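Visitor: Listed below are the residues making up each chain.
2 protein chains.
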Amino acid sequence: MSLESYRKPVDTLSGSLRIEEAIDLPRIAIEAVSPTVEGGRFAAKAIAGRTLTVRAVLIADGHDKLGARVVWRELPAGDWQHVPLKPLGNDRWEAHFVPPRACRLAFAVEAWWDVYASYADELKKKYAAGVPISLEVHEGELLLEKSAKVAHGEHAAALQGVLTRLRDTESLDRRVGVLLAPETARAMAQVEAHPHRVRSALYPLEVERRLAEFASWYELFPRSASNDEQRHGTFRDVIERLPEIAEMGFDVLYFPPIHPIGRTHRKGRNNALTTVEGDPGSPYAIGSEEGGHEALHAELGSFEDFRALVAAAREQGLEIALDFAIQCSPDHPWLKQHPGWFSWRPDGSIRHAENPPKKYEDIVNVDFYAADAMPELWLALRDVVVGWVEQGVSLFRVDNPHTKPLPFWEWLIADVRGRYPQTIFLAEAFTRPAMMARLGKVGFSQSYTYFTWRNSKAELQEYLEELNEAPLSECYRPNFFVNTPDINPYFLQTSGRAGFLIRAALATMGSGLWGMYSGFEICEAAPVPGKEEYLDSEKYQLRIRDYRAPGNIVAEIAQLNRIRRQNPALQTHLGFQAYTAWNEHILYFGKRSADRSNFILVAISLDPHNAQEAHFELPLWELGLADDAATEGEDLMNGHTWTWYGKVQWMRIEPWVLPFGIWRIRVPGDVAAPAAPAAK
Amino acid sequence: MSLESYRKPVDTLSGSLRIEEAIDLPRIAIEAVSPTVEGGRFAAKAIAGRTLTVRAVLIADGHDKLGARVVWRELPAGDWQHVPLKPLGNDRWEAHFVPPRACRLAFAVEAWWDVYASYADELKKKYAAGVPISLEVHEGELLLEKSAKVAHGEHAAALQGVLTRLRDTESLDRRVGVLLAPETARAMAQVEAHPHRVRSALYPLEVERRLAEFASWYELFPRSASNDEQRHGTFRDVIERLPEIAEMGFDVLYFPPIHPIGRTHRKGRNNALTTVEGDPGSPYAIGSEEGGHEALHAELGSFEDFRALVAAAREQGLEIALDFAIQCSPDHPWLKQHPGWFSWRPDGSIRHAENPPKKYEDIVNVDFYAADAMPELWLALRDVVVGWVEQGVSLFRVDNPHTKPLPFWEWLIADVRGRYPQTIFLAEAFTRPAMMARLGKVGFSQSYTYFTWRNSKAELQEYLEELNEAPLSECYRPNFFVNTPDINPYFLQTSGRAGFLIRAALATMGSGLWGMYSGFEICEAAPVPGKEEYLDSEKYQLRIRDYRAPGNIVAEIAQLNRIRRQNPALQTHLGFQAYTAWNEHILYFGKRSADRSNFILVAISLDPHNAQEAHFELPLWELGLADDAATEGEDLMNGHTWTWYGKVQWMRIEPWVLPFGIWRIRVPGDVAAPAAPAAK
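Top to bottom, those sequences are chains A and B. Under the UniProt record's numbering, think of the first position of the first sequence as 1, with each following residue one higher. Under the UniProt record's numbering, think of the first position of the second sequence as 1, with each following residue one higher.
The following block holds chain A by itself, in its conformation from the complex (with noise of 0.2 Å):
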């Protein structure tokens, strides 16, 4: 099988078409495949082991049969694997095959006349309806002898059996019954010529592990880790708290950044300009005499202490993230071996960063198109997130990247994933929509959202359905953080511990992925006053936290973590549907598994302060049940289970007692496969 399309390129720009070259056009016209991402510049998203479907439009002309197959393989040189796709009706078709493993496939489609198809369908017709066939059953013989005489070996033998046995019988029933017998069908479909045959592009797919689509990350400060706030903290310490992190279910602890930390400009308490003695200093102000970005902040600890981590993360089931943050600190090494990777101002200053409203002072950009920095600072940064891999990191948290030329992330991710497939990038972008979906075209793994700032139920439900539609669902993967170092939601300054479980069950069954920076378990949220920050921010100082301080909501996070392991529909933000509850404070959804057996109804109310009330519909159209059918459920937070009657059914949820229900609702096993979409 041959790379080389059939289709061939025409000049759509001259208007004129020679006739040669129409006459060279594919008859069958390939539209709408899916999944694929800008008609195949970029790859679409699939995850190993996951069951992944193609779609696609054939049209022809006419009213014959078409065959029809999706073919791919890994890339640069695997094998080709084929699957055939069928139809839906309406011209749509469909497809299924399982990438095996963390890799970048190409696929194709390919559609060509199924000729013995369409005679086989004719003839079937018409010896139903009687009418005269003799002719047909000769042209279907003529049609096989062709076959039979282009054949070789045991595809020749089994045309010749055709043959024999159609010859062998003078009854026009039988020899029908040959030509329509299955085994005839299969014979041809072996030999036949397949004219006017057409390969659609060849389409990418990245295909990731399980990790870049199914996650619970738990964010934490490790200079915060000695429970001391006198002493720094270590990596010697964030081991010790590892159990009970790991026992939360998260997979993924994740660090801002741990480099040495510059002292110009340097950041105090809450942000300030100035400092006072013993002040750490903003994490993110990276680079000092010490060190850069390949460096690790002394006072957390050494390389065998990191690589120490490392490893006792993983035997917990955890890995480490780091955060990958393109900036210096004016102290940072780079500024005196690499003017040349900076933009100079006249005075001979550095203009600091800004992600307006937010102001830097004690940071400074690298200009990633200055002469001196093409190629050199690219390679240096590459040779940054190499080194951390080398270290056994395989998650990076890229801050702002939508300040960094898109480019650059395209050529840096191709580059780290082709030597290292397990890495995942997750984009750290609150900007707008299209530079957020473009992120993930180019490469990221998945994204920050903006999640925190939907609160009202059209907003959650709108966003939720969004997420699920082409282009994001095949581009973006939505990582649901409910709350950051630097996002301190105003829902959550005045909600109380309700507000923190009605974000942790909105965040956890609503993607695969979700985070929280630590103190959401504890419910923290004293603010700047009128602002979304963190009163005496961890950016710039060490917190002490009593994790197991009264009103925490760890064994609901624990309990979430678990249902979501226990439940595939929810190891993906896709496969959401919205259902209707008639009250405008409670979100009602369910997800559902792409194989459809696993299917989950959410209720969450939105309203941390008072009891809400709802009728619900049960969906039971969807589990193919009529309207006053008996539904078995189980509550997944209690384990209670009963059985619904009918349709319509009521709740009622008090915030105080727990403000969310997730219901698992028996698929019943004696139902077919749900029908393709309906023809238009």
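Derived from the structure by calculation, the hints contain no laboratory data. Keep in mind the model is a prediction, meaning the values are calculated, not measured. Idealized CB from N, CA, C, for every residue including glycine. A couple of the hints might just be wrong.
Derived CB-CB ranges, DEER-like [to be verified]:
1. A/R314 / B/P195: 43 to 49 Å
2. B/E154 / A/K358: 39 to 45 Å
3. B/N90 / A/E20: 43 to 49 Å
4. A/R18 / B/R269: 44 to 50 Å
Since the structure of chain A is already known, use the hints to place chain B on it.
Guide: Frame of chain A; chain B shown alone:
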């Protein structure tokens, strides 16, 4: 300006990107360019003289200002034109231009880093904030100097003037004034380098004359034009009917095939398989000893008569449309002259045509991919069309195009339109939606639709909305035929006169293109019982009618067409917006012209038997008016004018009077152009 794109092809399949390639990739991403079809593979549709809106999403890292424009030219080698793209917010940009005439165009989107605009924006903000800016002013001087060095002629002089004014003053305020002056911005825009400039692919546009989007078609069988059942009608008889057709406001007069009719297997009355003496046969059984697709059926008249008819029609403002039906009676000369253009069965016969469930025993199809047919048959068919164009015909209704190869249409339409850009092709495709859209993509100007089978309010509203959205809005123009010789809609079989008025109003108000087959104006509806066929169908016999019969709707049709001519909003199917009327039998919508000055409201009761009443909303919000505003309206069917007070109004529709209302509302002259769509 060169055609070369700055965008380099990237090997997305290898999954890796060399660093040199990455550095050369465009820094600015261009996405979602519209109007485009299949990424530029096909031309999007446009109309000469009508404002075209180009949209694109431009994505770049950071916070600097971009500049952008659309470049376009007539193909193959017109002068390049350009028009600025303006930002709408959220990375979306928009530009407008007016294609001057029927032709093929190409356009592209260009974007670049606007260094001076970014600089000036920052200077302005800092100046307003009162922070120190002497360094910024110095940077501005350096930017001007840098550009002055590379400028020539008047641009150099302009920049030198700016620099002189800047250096002539010590006052910081005045220096800022010079740097921010509009003439400084203009001078820099002329000269400044455009770093990171990128150009999108070139996208083709097929620009057609207005009749491709706004036309009223009238269909008749010339052989019935004698008004005497005993005498075969002629082209001369048709000339007699022209004034009454023109007075009804039609633009296009369309004939079923006018070629010699075969005798073998000729169909009798009501599709009988046998004939009696005098049966004229179906005109779709094209070809006899007298000739084929290039010939005239002798009883209709000579070529001289035909040209006289074409000329007389033009004098009445009517253009003639012919049927292009690629099929042959068994008597067509091609069967003998070119047996290799057909697919012969083992018994020496040719399979008769079918379009399930319809059977056409009197015709056979050509085989486009027969060895002898490529390219001779294709060329012969092209020559048939060109021959009729040379007789003065520039509209073709193409019979069953979906049963002929798509590449054939793509080639034929481009070839004919390359010679005669005024040519318009209407696809008679009643098939699956993907094929109908694809026919628009390969070049058909317009298409038959599902209109005749959309009867309920929900069906009609959904269909009109779908036609207004991409991809259909960019590749498919709907021609709403209310009936055809093949479709006697079930609704009209029992609706009585009011039903004909309902369907006429839906068609004329819903699309710029509508059509009717003669008999509709006198509410003819007698069916073959239980079928959507006309009894005593004119396809198989002459039909004499009294076009002044009592109960005719000639005056209403004329008034509907008059309203269309007077209101640009009604000259396209685009610009449709459903509004709220609280009655499921009343479809209520607005049509608004692209320049938003012409605004029509339409309410149509879908109930031909009973009066219907409803409260309904005037779309005051679209006019920038408060909910209690007064609006002036004019009833376009009777000329009454009045003032509505407030948003919610009431209507009563009595089908025995008129089953619809059409109102023009005054667009307040002092309302500013509507705001851009809200940012997300």
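Visitor: Checked against the structure, which of the hints given earlier come out wrong?
Guide: none
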